[in-house]
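Make the full structure from the sequences, and use the hints.
Residue strings, one per chain:
There are 2 protein chains.
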Amino acid sequence: MKAIRVGLLGLGTVGSGVVKIIQDHQDKLTHQVGCPVTIQKVLVKDKDKKRDVELSKDVLTTEAYDVIQDPEVDVIIEVIGGIEETRRYLLDALQAKKHVVTANKDLIALYGSELTAAAKENGCDLYFEASVAGGIPILRSLEDGLASDRITKMMGIVNGTTNFILTKMNKENAPYDEVLKEAQELGFAEADPTADVEGLDAARKMAILARLGFSMNVDLDDVKVKGISQVSDEDINFSKRLGYTMKLIGIAQRDGQKVEVSVQPTLLPEHHPLSSVHNEFNAVYVYGEAVGETMFYGPGAGSMPTATAVVSDLVSVMKNMRLGVNGSSFVDPQFEKKIKAPSEIFAQQFLRIHVKDQVGSFSKITSIFSERGVSFEKILQLPIKGHDDLAEIVIVTHHTSEEDFTDILQKLNDLEVVHQVKSTYRVEGNGWS
Amino acid sequence: MKAIRVGLLGLGTVGSGVVKIIQDHQDKLTHQVGCPVTIQKVLVKDKDKKRDVELSKDVLTTEAYDVIQDPEVDVIIEVIGGIEETRRYLLDALQAKKHVVTANKDLIALYGSELTAAAKENGCDLYFEASVAGGIPILRSLEDGLASDRITKMMGIVNGTTNFILTKMNKENAPYDEVLKEAQELGFAEADPTADVEGLDAARKMAILARLGFSMNVDLDDVKVKGISQVSDEDINFSKRLGYTMKLIGIAQRDGQKVEVSVQPTLLPEHHPLSSVHNEFNAVYVYGEAVGETMFYGPGAGSMPTATAVVSDLVSVMKNMRLGVNGSSFVDPQFEKKIKAPSEIFAQQFLRIHVKDQVGSFSKITSIFSERGVSFEKILQLPIKGHDDLAEIVIVTHHTSEEDFTDILQKLNDLEVVHQVKSTYRVEGNGWS
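Chains A and V, in that order, give the protein sequences. Note that the first sequence ends on residue 433 in the working numbering; no numbers are left out. Note that the second sequence ends on residue 433 in the working numbering; no numbers are left out.
None of these hints come from the bench; they were simulated from the model. Beta carbons: idealized from backbone N, C-alpha and C, even for Gly. Watch out, some of these pointers could steer you wrong.
With beta-carbon atoms standing in for the labels, derived distance ranges [claimed, not checked]:
no., chain 1, residue 1, chain 2, residue 2, range
1, A, 185, V, 406, 25 to 35 Å
2, V, 234, A, 362, 34 to 44 Å
3, A, 51, V, 341, 49 to 59 Å
4, V, 341, A, 255, 32 to 42 Å
5, A, 177, V, 13, 50 to 60 Å
6, A, 192, V, 234, 18 to 28 Å
The calculated lysine-lysine pairs, modelled on PhoX-like cross-linking and capped at a C-alpha distance of 20 Å, are [as the list claims (entries may be wrong)]:
no., chain 1, residue 1, chain 2, residue 2
7, A, 28, V, 258
8, V, 258, V, 171
9, V, 364, V, 411
10, V, 240, V, 422
11, A, 319, V, 319
12, V, 338, A, 28
13, V, 28, A, 153
Written out as C-alpha cells, the structure reads:
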C-alpha cells in the first residue's frame with residue numbers, strides 16, 4: 001500500500017500542528033483513506049531551530065522548490081502565509097501536478113479565481129477550508145451540506161481579535177485603547193493590529209464566503225469595510241441600554257441578482273445567537289431559502305483548530321486520489337457579478353447625536369428623516385452630564401437605504417442645532433427579542 | 001445531457017418539500033452537477049388527493065415496487081417513515097442498484113449497519129443526513145470537516161419537541177402538563193408524544209451520531225434513555241437559582257477505548273452555548289482533540305429544512321454518478337464496540353431532597369457522600385412553605401461515578417431523616433460561567 005506523500009511549506013505553529021495531527025492520528029487517517037500518509041519534505045527558514053515536533057532532519061529544506069518540485073511529493077500544504085511569492089509557489093506546484101491545500105486567506109481572497117483555474121487546468125485539487133473561520137467547516141457546509149439550497153444571507157463573526165476586544169469592552173465597559181493593549185499582552189492581537197481592527201482580515205474571509213455562497217466572483221474590492229478602532233465605550237453603553245450587543249459583523253446578502261458584501265461594527269439584539277459568541281470564538285450565521293437559519297460556531301484561529309481544517313482538506317485530497325477524481329469538483333461561478341448600489345442596500349441604522357438643548361431642536365431633526373420617508377423604531381433622549389446646553393439623542397431607524405441615510409447624515413451635519421453626529425452603526429437581526 | 005431520475009417514496013410534507021426544491025432550484029442543481037434532475041415516479045397513498053406541488057398524474061403510483069423497480073429510476077428518496085416494511089423496500093432498491101437517500105432516523109438507528117452493508121455490496125450510495133437534526137449538516141461535518149480529528153464528546157439538543165417544552169417551562173415557570181398541551185395545540189408535539197418526551201427519538205439520533213463520530217457500531221440498545229415527563233417546574237426553579245438551564249441532552253463520550261451514550265434531562269450553565277438554543281431549534285456541540293469546541297445550530301425538523309438535507313444528499317449522489325464513484329465512500333467502523341460500565345461513567349450530579357428538619361440531619365446526609373469520596377460544588381438549603389417539619393436540600397456534587405451515585409441514592413432513601421429524594425439530574429458543561 002503506497003503512502004501518500006506531503007510536502008509542507010512552513011513549519012510555524014500551524015505547520016507543526018499539521019505534523020502533529022498527521023503523526024498522532026495516523027491510524028484514523030490510514031483507516032479512512034486506505035493508505036498511510038507521510039511527510040516527505042518541509043520548507044523551513046532555519047534547519048537547526050529547536051522544534052516541538054519530531055521530524056528527521058533530512059526532510060527539512062530551506063529551498064521552496066526542493067518541496068514544490070520533489071517528484072515524490074503528491075500534495076503541497078501551504079502554511080507560510082504571504083501573497084505574491086506564495087502565489088508563484090502554488091501556481092508552480094499546480095503546474096507540477098501537485099494537489100494544494102492552503103490556509104492562506106489573503107492569497108485566496110486576492111487570487112482564489114486564478115489558483116482555482118490553474119488547479120482545474122492541471123487536474124489538481126485545491127482546498128482552503130482553513131482560510132475562513134479556522135476550525136469551523138463552513139466552506140464544506142456551504143458547498144455540500146447546503147448544496148441544494150439558495151443562500152440569501154450570511155452574517156459572520158470571522159475575526160477573533162476584534163471579537164475578543166468587543167466582548168471585553170461590552171462586559172467591562174472599558175475603552176478601546178485599554179482593551180486593545182490587554183489583547184496584545186495576552187497574544188490575542190498582533191503588535192500591529194491594523195489588519196484585524198480595521199476589518200481587512202474579516203473582509204478577506206467575507207469575500208471568500210460570498211464567492212462560494214452566492215456562486216459569483218466577488219472581489220476583495222467589492223467588500224465595504226469599516227473597522228472597530230472608532231468604537232467608543234459610550235457607543236457600547238448606549239447600544240446596551242437599547243438591548244443590543246456590538247459585534248464586528250461581515251454581511252453578505254443577496255436580493256434577486258444583486259449582492260452586497262460588507263464588514264462593519266453592527267448592533268444585534270442581545271438574544272441573537274451571534275450575540276452570545278464571545279471572546280476569540282468565530283461563528284457564521286447562514287440563511288437559506290429552504291433551510292431557514294443555521295449557525296456554525298467554533299474556534300476561528302489557533303494552531304490546532306487551523307491544522308484540523310488543513311488535514312481534513314488533505315483527507316479529501318487523499319480520498320479523491322484513491323478514486324482518481326482529483327480536480328473534478330470545481331464548479332464555475334453560476335452568476336455574473338452584480339454589486340448593489342447604495343440606493344439598493346437597506347438596513348436599520350443606529351445613530352447618536354449631540355444636539356443643542358433648545359426649543360424645536362428635536363422637530364428639526366426628525367423632519368429631516370421624515371422628508372426621506374424614514375421612520376424610527378427607538379428613540380432615547382438624555383441630558384449630557386457637564387453639558388447643560390447639549391442633549392444626547394439616540395435613534396434607531398426602520399429600514400432605510402444607504403443612499404438616503406448618507407444624505408440624512410449630511411443634512412444633519414449642516415443643521416445649526418446639531419452639535420455633533422457622534423456615531424452611526426448598522427443594526428441587524430430584527431425579530432430576535 | 002441525460003437527466004438523473006429520482007423515485008420518491010412518500011409525498012407528505014417532506015416529500016413535497018423535496019419536489020419543490022428540485023423544481024425551484026433546478027438551475028442551481030443543473031449548474032452544480034452538470035445535468036438536470038427529474039422526478040420519475042412517486043409513491044403516494046391516494047393518487048387523487050389535492051397537493052400543493054405540481055406533478056403530472058402519471059408519475060404517481062400507489063405501488064411501492066412501481067418506484068423501486070422502475071428501470072429508469074437512478075436514485076430512491078425515502079420519506080415515508082416506518083421501519084420493517086421500509087427496510088425491505090430499501091434493501092430491494094439497493095439490490096436493484098438504486099442509490100438511496102433517506103430521512104428515516106428510526107430505520108437508520110436500527111438497521112443502519114445492514115443497509116450500509118447492502119449499499120456497499122451493490123456499489124450504491126446510501127446517504128441519511130436528514131435523519132439527524134434536520135437542516136443541520138452535522139453528519140457531513142463529522143465525516144469530512146472534522147475528518148482528521150479525534151472526536152471525544154458530542155452533546156446534542158436533537159429533539160425539537162422536548163426543547164420547545166423545556167424552553168417554555170424555563171421561561172414561564174409553567175408545569176410540564178400545561179406546556180405539553182400547548183405544544184400539542186401549536187403542532188410542536190404529536191397527539192401521542194411518547195417517542196419525543198421519553199427521549200427515544202433523541203436516542204435514535206445519538207446512536208447514529210455516536211456511530212459516525214466514534215467509528216464504532218453503537219446500537220440503539222446501548223443508549224441509556226431518560227425523558228422529560230418527570231421534570232417538575234420546581235426542579236427547573238431550583239436549577240435556575242443555581243445558575244443552570246435544563247435541557248434534554250444527548251451525550252456521547254469517549255474515554256480511551258470505551259464510550260458512553262445517553263439521553264437525559266441535563267443541567268448546563270446558563271451561559272453555555274447550548275443553553276441559548278431555544279424553542280424547537282436543534283444544536284450539536286462537538287469536542288475534538290485538536291479542534292476544541294465547535295457547535296452546529298439550526299432547525300431540527302420541518303418540511304423544508306429536512307428536504308434541504310435530503311436534496312443535498314441527492315446532489316452528492318449525482319456528483320458521484322458523474323464521477324463514477326458511487327458506493328466508494330463507506331468506511332467500516334474502526335473500533336470494536338466497548339461500552340462503559342456504570343463505574344466508568346463520571347459526571348457531576350444535581351439532587352434535590354426533602355429532609356426532616358431535625359438536629360444532625362444534614363451531617364447524616366453528607367457523611368453518606370463523604371464515605372464514597374464524593375464532595376460538593378454547591379449546596380442550598382431552604383425551608384419548605386407549609387411544611388415546618390421539612391427542609392429542602394439541593395446539592396451539586398463534584399464528579400462521581402454512576403455506580404457510586406446510585407449507591408448513594410440507595411443509602412439516602414434508607415436514611416430515616418430523608419423524607420424523599422425528589423429528583424436527580426446530570427450536570428454538564430462545567431467551566432462555562
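Verification of the supplied hints:
1. In this structure, residue 185(A) and residue 406(V) break the distance hint of 25 to 35 Å, their C-beta atoms being roughly 48 Å apart.
2. The hinted window of 34 to 44 Å between residue 234(V) and residue 362(A) is violated, with their beta carbons roughly 50 Å apart.
3. A hinted range of 49 to 59 Å for the beta carbons of residue 51(A) and residue 341(V) is inconsistent with their spacing of about 42 Å.
4. The given range of 32 to 42 Å is broken by residue 341(V) and residue 255(A), whose C-beta atoms sit roughly 57 Å from each other.
5. Taking the beta carbon of each, residue 177(A) and residue 13(V) are about 55 Å apart, inside 50 to 60 Å as hinted.
6. For residue 192(A) and residue 234(V), the Cβ-Cβ distance of about 56 Å falls outside the hinted range of 18 to 28 Å, so the restraint is violated.
7. Restraint check for residue 28(A) and residue 258(V): satisfied, since their Cα atoms lie roughly 16 Å apart, inside the 20 Å limit.
8. Of the supplied pair hints, the one linking residue 258(V) and residue 171(V) is violated, its CA atoms being roughly 38 Å apart against a limit of 20 Å.
9. Between residue 364(V) and residue 411(V), the direct Cα distance comes to roughly 11 Å. Compliance with the 20 Å bound is thereby established for this hinted pair.
10. Restraint check: the Cα-Cα separation between residue 240(V) and residue 422(V) comes to about 16 Å, which is no more than 20 Å; the hinted pair holds.
11. The suggested pairing of residue 319(A) with residue 319(V) holds, with an alpha-carbon distance near 15 Å, which does not exceed 20 Å.
12. Taking the CA atoms of residue 338(V) and residue 28(A), the gap is near 17 Å; set against the 20 Å cutoff, the hint holds.
13. Between residue 28(V) and residue 153(A) the alpha-carbon distance is near 17 Å, which keeps this suggested pair within the 20 Å criterion.
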